[in-house]
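**Q** Letter by letter, the chains look like this.
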Amino acid sequence: MPKQDSSKTKDNKLTTRRDFLRSAGNYTVASLSGAAMLLSEPKPAKANVTWEEHFQKNYRLMTDEEKQQAIERLETRYSEKFGKQVTVAGTPSMEGVLFGYALNIQKCIGCRRCVKACVAENNQSRGDEQQIEWIRVLRMEKGKFSETDRDQHGYPESFGVQVGGNAYKPAGVVLEGQHYYEPEQVPEKDAFYFPMQCMQCEKPPCVKVCPVRTTYRDPDGIVVIDYNWCIGCRMCIGACPYWARRFNWGEPNLPKEEMNPVTHYLGNRPRMKGVVEKCSFCVQRTRKGRWTACVEVCPVGARKFGNLLDPNSEIRKVLDKKKVFRLRADLNTYPKFFYFMD
Amino acid sequence: MIKQWLIQIEQWLFDKNKNKQTPNLARRRLFRQAAIGAVSVTGTAGLAKSVVDAVPAPDIKQKYRQDAAQGEVELRQREYVVMTNHEKEAMLQSLIKNYNNKT
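From first to last, the protein sequence lines stand for chains A and B. In terms of this note's numbering, the first sequence opens at residue 1 and continues consecutively. In terms of this note's numbering, the second sequence opens at residue 1 and continues consecutively.
Honestly, the hints are just simulated from the structure, not real lab data. Since this is a predicted model, take the numbers as computed values, not measurements. Some hints could be false.
In the EDC-like style, the derived pairs of lysine to aspartate or glutamate whose C-alpha atoms are separated by at most 16 Å in a straight line are [to be verified]:
1. B/LYS88 / A/GLU133
2. A/LYS273 / B/GLU89
3. B/LYS97 / A/GLU202
4. B/LYS97 / A/GLU72
5. B/LYS102 / A/ASP320
6. A/LYS323 / B/GLU87
7. B/LYS102 / A/GLU95
8. B/LYS61 / A/ASP128
9. A/LYS322 / B/GLU87
10. B/LYS88 / A/ASP320
11. B/LYS63 / A/GLU202
12. A/LYS323 / B/GLU89
13. A/LYS84 / A/GLU72
14. B/LYS63 / A/ASP128
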């Protein structure tokens with residue numbers, strides 16, 4: 001007894017084995033609880049990102065082998081997450097192709113089928129909370145056309161006040177309209193519709209401002225994003241004059257049963273919280289010779305898509321024969337998305 | 001050296017000659033400090049993560065709405081005008097030339 005007491009005195013700082021085991025047990029419990037808290041997964045998407053994915057290179061700088069590894073990692077992860085076989089393509093640009101797009105604003109009836117098709121095809125976030133749509137259709141009112149404002153014939157009369165000016169009054173379409181409209185039926189009598197999406201600029205300001213070069217222009221003219229390298233700084237959003245980019249403020253809501261399993265690394269693969277996304281001309285389709293989802297679904301054939309380098313393509317014919325609009329603001333972005341009228 | 005350690009551990013564990021030899025206090029102190037350090041770091045990190053996770057998420061819907069409003073303002077400043085034939089041709093040639101230069 002006296003011996004044991006003396007071993008516990010502070011002076012010699014000795015511990016009995018029981019004391020040691022007790023304190024070791026306490027420490028173990030405390031550290032295990034801490035570790036458990038650390039490993040708990042309230043944000044599963046983040047937790048699922050693998051170590052290799054954190055340290056992978058920018059897609060443009062990867063070797064073919066590294067690209068294949070990255071793609072396989074993603075395929076495995078997405079297949080597990082969505083409970084179906086997901087493919088992630090890395091199809092590069094085709095040679096001799098420069099994509100262009102044209103939209104007939106006289107034909108567009110504002111039905112927004114293109115918006116819905118785009119959401120479904122490109123795995124955009126759903127729901128009231130965090131809805132993301134790459135295409136935004138503006139409803140604009142046809143103005144009252146004043147004959148005195150018109151200094152030459154030939155301007156389309158149906159486009160009223162915004163069209164047909166003279167040297168003192170600019171002729172054009174100001175993009176001031178309703179972004180959210182819910183009429184009983186479309187098209188409405190006094191309205192026309194102006195769908196907006198990424199213009200795939202030849203000199204994209206979003207690419208110029210990206211500090212990590214995660215967004216870039218591919219040779220076929222599509223401006224793409226490597227989501228893994230996006231740091232969510234939103235510089236590109238501020239730089240885009242067409243407001244074509246969207247930011248994932250929250251974890252995207254993509255129901256398993258609605259997920260499109262045919263994806264592209266630079267296109268419609270599922271995104272994560274904190275990254276920017278935008279229209280990619282359905283890169284997963286168009287690089288395999290298919291139409292974009294919006295072109296395919298348009299019930300009035302208002303959307304035209306094709307190769308600007310091919311003189312016989314539909315897009316070239318539109319540019320040759322139709323009245324084509326350009327942005328008045330001299331931004332020098334050279335968009336490859338055109339609006340036209342018959 | 002290792003042998004000495006093993007002997008000491010054995011002595012300490014199996015209580016042989018416990019009273020005859022005092023344990024190495026410096027080493028024990030080191031172990032204790034290391035254990036306390038590890039537990040503190042893990043515990044603090046775990047606690048911090050729990051606190052951060054417990055903070056209510058900001059109103060995401062509001063943020064999406066703000067983005068949309070900003071976009072509307074942005075688009076209102078834009079205006080489209082009809083291109084002349086010359087402008088169309090120049091633009092097309094510029095696109096083609098740019099493609100050929102890059103490839």
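**Q** Can the restraint linking B/LYS61 and A/ASP128 be considered satisfied, given a maximum Cα separation of 16 Å?
**A** Holds, at roughly 8 Å.
**Q** Run the distance test for B/LYS63 versus A/ASP128: straight-line Cα separation, threshold 16 Å.
**A** holds, 13 Å
**Q** For the pair supplied as a hint, A/LYS273 and B/GLU89, confirm whether the alpha-carbon distance does not exceed 16 Å.
**A** violated, 42 Å
**Q** Quickly compare the C-alpha distance for A/LYS323 and B/GLU89 to 16 Å and report which way the hint goes.
**A** Given that 16 Å is the threshold and the Cα spacing comes to 12 Å, the pair holds.
**Q** Between the alpha carbons of A/LYS84 and A/GLU72, is the straight-line distance 16 Å or under?
**A** Distance ~15 Å between A/LYS84 and A/GLU72 Cα, so the pair holds.
**Q** Compare the distance between the alpha carbons of A/LYS323 and B/GLU87 with 16 Å, and conclude whether the hinted pair is satisfied.
**A** Holds - the C-alpha atoms of B/GLU87 and A/LYS323 are around 11 Å apart, at most 16 Å.
**Q** Straight-line Cα separation of B/LYS88 and A/GLU133 no greater than 16 Å?
**A** This hinted pair is violated, its Cα atoms lying about 30 Å apart.
**Q** Would you check the hint for B/LYS97 and A/GLU72, treating anything up to 16 Å between C-alpha atoms as holding?
**A** The given pair, whose Cα atoms are some 37 Å apart, is violated under the 16 Å limit.
**Q** Do the alpha carbons of A/LYS322 and B/GLU87 lie within 16 Å of each other, as the hint requires?
**A** holds, 13 Å
**Q** B/LYS102 and A/ASP320: Cα distance at most 16 Å?
**A** Roughly 24 Å between the alpha carbons, so the hint for B/LYS102 and A/ASP320 is violated.
**Q** Would the pair B/LYS102 and A/GLU95 pass a check requiring their Cα atoms to be no farther apart than 16 Å?
**A** Since the Cα atoms of B/LYS102 and A/GLU95 sit roughly 12 Å apart, the hinted pair holds (cutoff 16 Å).
**Q** Is the Cα-Cα distance between B/LYS97 and A/GLU202 16 Å or less?
**A** The hint holds at about 11 Å.
Figure legend: structure checked against the earlier numbered hints; hints not met, in rising order: 1, 2, 4, 5, 11.
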